[in-house]
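For the protein sequence lines, the chains are V and F, in the order given. One rule links them: number in the working numbering = place in the first sequence (from 1) + 1. One rule links them: number in the working numbering = place in the second sequence (from 1) + 1.
No lab work stands behind these hints, which were simulated from the structure alone. Keep in mind that a hint or two might mislead.
Note that identical chains are pooled: a pair holds if it fits in a single copy or bridges any two copies.
Straight-line C-alpha distance at most 35 Å; calculated DSBU-like pairs for lysine-lysine [to be verified]:
1) Lys251 to Lys345
2) Lys345 to Lys119
3) Lys164 to Lys145
4) Lys251 to Lys322
Chain by chain, the residues run as shown.
Protein chains: 2
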Amino acid sequence: MTNSRCRAAKTFSAVPLVGVPLVGVPLAGVLLALFLAAGAAAQDDPLPSWNNGQTKQALLDFVQTTTAAGSQHFVPEAERIAVFDQDGTLWVEQPLYTQVVFAIDRVKQLAPQHPQWKTQEPFRSLLTQGEDALADFSIQDFEKVIAETHSGATVEEFHQVVKDWLATARHPRYHRPYTELVYQPMLEVMQLLRKHGFKTYIVTGGGQEFVRVYAEAVYGVPPEQVIGSAAATRFELRADGQPALIKLPKTLLVDDGPGKPEGINLVIGRRPVAAFGNSTGDREMLQWTQAGRPAHRPGRLMMLVHHDDAQREYDYGPDSKVGPFPDSLLELARRSGWNVISVKRDWRRVFSWQTP
Amino acid sequence: MTNSRCRAAKTFSAVPLVGVPLVGVPLAGVLLALFLAAGAAAQDDPLPSWNNGQTKQALLDFVQTTTAAGSQHFVPEAERIAVFDQDGTLWVEQPLYTQVVFAIDRVKQLAPQHPQWKTQEPFRSLLTQGEDALADFSIQDFEKVIAETHSGATVEEFHQVVKDWLATARHPRYHRPYTELVYQPMLEVMQLLRKHGFKTYIVTGGGQEFVRVYAEAVYGVPPEQVIGSAAATRFELRADGQPALIKLPKTLLVDDGPGKPEGINLVIGRRPVAAFGNSTGDREMLQWTQAGRPAHRPGRLMMLVHHDDAQREYDYGPDSKVGPFPDSLLELARRSGWNVISVKRDWRRVFSWQTP
């Protein structure tokens with residue numbers, strides 16, 4: 002059965018039969034008519050990968066209430082800004098952030114040009130133990146690895162390195178390119194919002210230049226709508242007279258936690274009306290979104306993805322090193338009226354290639 | 002005579018009469034028809050405040066060549082990015098940058114709360130000598146004044162201070178609000194580009210939050226398309242539980258000279274196809290714009306405003322402390338094929354309220 006036929010079958014029971022005269026019509030014709038009607042209904046659903054329920058309804062209500070002419074909470078099109086965390090909100094972040102896997106691979110790839118890494122920590126551990134070394138890594142160790150693997154090249158050269166890596170790297174569990182591990186339900190949310198005049202921004206703790214490489218193709222988000230942790234660059238005229246922007250081993254913006262509203266203000270200069278995240282690093286972004294002008298508050302939407310589906314994806318939360326979702330965040334969400342998305346309950350399918 | 006009638010009269014001679022049967026038609030009717038036709042022609046001119054000539058033609062050719070379907074140098078709409086310096090390119094920067102005038106006024110306004118300024122440099126000099134003190138200012142002096150007058154408040158509070166100041170401040174020569182001292186010809190260029198799918202960005206050495214206050218109303222440029230020198234901010238939860246972004250006395254981005262392409266990459270992540278400036282601080286932005294992919298080069302536009310009209314505006318260049326345009330820049334422009342806009346020759350009027 003194809004996905005679209007599955008969808009049609011599932012929404013079948015929701016098709017209203019009121020007013021359809023059935024007497025005297027051949028059975029095959031009735032079935033065909035019902036099937037077509039069900040198909041049409043499924044096509045009209047802007048969120049087909051979501052199960053019906055409170056969360057899906059909250060999404061639909063938000064779009065209606067902020068965009069319908071004459072609505073009390075109408076938001077002018079220019080102010081329709083929606084922000085999305087990436088890791089754990091738009092794509093899989095387990096068992097390791099994708100960009101960390103990239104950095105480890107990059108250390109291995111660059112090792113022949115850096116013989117000193119054989120004895121220099123944290124590179125020595127990474128080269129001998131691989132991912133296992135990460136358990137003992139300090140923030141400073143991470144910074145060293147990012148500095149060495151993400152700087153020195155021009156911005157364009159760095160883009161090409163990331164592009165080449167994405168073409169061959171595969172996720173250890175799903176054995177697919179990382180760019181196929183995006184959450185289909187969230188893509189549908191982005192599309193629904195854009196269809197209603199929203200600008201969708203990615204606001205990620207990950208590297209801005211890393212995410213820009215695939216954000217347009219994968220999420221439909223152009224480079225100017227990707228806000229991420231950013232390194233400083235240096236403009237220079239090269240020997241051939243051509244200018245270049247060199248990535249420096251110097252952090253300009255840590256776009257995580259409080260850095261998210263700071264980055265949003267720097268790049269957008271407007272307060273979002275919708276914000277989506279999945280962990281403590283997104284807390285301040287949701288608080289900032291919610292605390293807009295009082296008159297607008299009912300027209301704001303704050304959502305957190307809760308990963309509770311070990312079968313189709315991962316089940317993690319309070320104790321995870323990657324994308325922690327502690328009870329205090331759950332409690333804050335409850336107190337603040339934020340919506341918590343349950344992967345298990347709310348998503349009919351997680352990935353586009355999964356049968357619902 | 003109103004401006005629009007002036008325009009009609011000027012373009013009158015350009016109206017083709019071929020095919021219009023004049024015999025037997027009453028003279029008044031002919032004149033009326035000609036007048037209406039002339040009016041229509043003027044309305045069709047997207048750059049009515051520009052004199053016909055090479056520069057205007059270069060603007061029109063650029064738009065045609067980058068946006069006409071099938072053109073060899075066609076630029077997809079998503080990549081149509083045009084960047085504009087502000088001071089001296091979009092509005093008057095003489096005799097002092099507007100934001101410097103604001104900072105001086107702000108020092109005077111805040112002085113009662115800072116009694117120590119009476120003896121502390123550079124504030125003492127500013128308070129006793131006003132603008133005259135600037136002649137002896139070092140970069141560090143400026144930084145101190147900006148740090149004290151542009152930080153401490155929330156972003157919204159700072160916006161309000163700027164708004165209040167703009168409402169009452171007047172330019173010493175024109176006796177008008179600074180926001181009325183924008184160059185009408187450049188507004189027409191921005192409008193023409195936007196009409197053809199370009200996104201117009203301001204890329205200014207001035208303060209990003211300062212310019213955002215009026216950019217939308219004055220230039221039609223929304224806050225997310227204003228890139229400027231930026232201070233770091235700090236997110237904090239206030240006593241009432243409301244989050245706030247506090248402006249810090251710490252520079253994040255100096256958006257001038259090489260900082261312009263760096264800022265463009267940070268915020269846009271695409272290379273512009275058109276760049277407008279007027280001084281050495283814009284050189285790298287124009288170089289960066291020009292050095293895009295070789296195949297695109299003929300579809301790039303680089304322009305520098307040259308202030309050579311003391312009568313209607315100002316005549317300054319090599320020796321100006323504000324917005325210098327040295328001979329070396331003129332030479333670079335010539336060598337690189339950049340267009341130099343002569344205020345005197347190219348602009349029919351400088352301001353919207355001037356009769357051409």
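We went through each hint and held it up to the structure:
1. In this homomeric assembly, Lys251 and Lys345 never come within 35 Å of each other (Cα to Cα): the closest approach is 40 Å inside a single copy and 45 Å across copies.
2. Proximity of Lys345 to Lys119 under the C-alpha cut-off of 35 Å is found in neither arrangement, the shortest distances being 45 Å within a copy and 66 Å between copies.
3. With identical chains, the CA atoms of Lys164 and Lys145 are at most 35 Å apart within one copy only, with a shortest distance of 22 Å there and 44 Å across copies.
4. Taking identical chains as interchangeable, the C-alpha atoms of Lys251 and Lys322 lie at most 35 Å apart whether they share a chain (25 Å) or sit on different chains (32 Å).
Checked against the numbered hints given earlier, this structure breaks hints 1, 2; the rest are met.
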